[in-house]
Structure formats: C-alpha cells, structure tokens
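Numbered according to the numbering used here, the sequence shown spans residues 580 to 626.
Because the hints were derived from the structure by calculation, they are not lab data. Predicted model, so just to flag it, every value in this text is computed and none were measured. Just so you know, even glycine gets a beta-carbon here, dropped at the ideal spot from N, CA and C. Possibly wrong hints are sitting among the right ones.
[Said to hold, decoys possible] If you anchor each label on the Cβ, the simulated ranges turn out as follows: (1) M580 <-> E608: 30 to 40 Å; (2) M580 <-> G606: 31 to 41 Å; (3) D585 <-> K617: 34 to 44 Å.
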Amino acid sequence: MSNQVDASHILVKTEHEANEILEKVKGGESFEKLAEEKSECPSGKKG
Numbered sequence: 580m581s582n583q584v585d586a587s588h589i590l591v592k593t594e595h596e597a598n599e600i601l602e603k604v605k606g607g608e609s610f611e612k613l614a615e616e617k618s619e620c621p622s623g624k625k626g
C-alpha cells in the first residue's frame, strides 16, 4: 500500500505574518491565492 502526502507552504519573515495568513486560510480564503500574494519563496508564485 502506498501512502502519498502532498505538502505546501507559505514562507514569510515573521510569526505575526504567518499567524495572519493562517487565520485567513481558516476563514476560508484560498491557500493558493495567499501563497501567490504573500510567500517569500519562489515556489509561492505557483500557488
């Protein structure tokens, strides 16, 4: 049996920014959209 997990991240500079984004995701905002807008990591542009 194969177990596969896909993981994504949004890289930001401060814990405060991370918590703001987390609350937005919990509130229903699109993770992909937030990754494109907020992530400091080049992969964030892929959503």
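Going down the list of hints, with the structure as the test:
1. Remark: the range hint 30 to 40 Å for M580 to E608 is upheld by a beta-carbon distance near 34 Å.
2. One distance hint, 31 to 41 Å for the beta-carbon pair M580 and G606, holds here, with the actual separation near 35 Å.
3. Checked against the hint of 34 to 44 Å, the C-beta distance between D585 and K617 comes to roughly 20 Å, which is inconsistent with it.
In this structure, only the earlier hint numbered 3 is contradicted, and the remaining ones agree with it.
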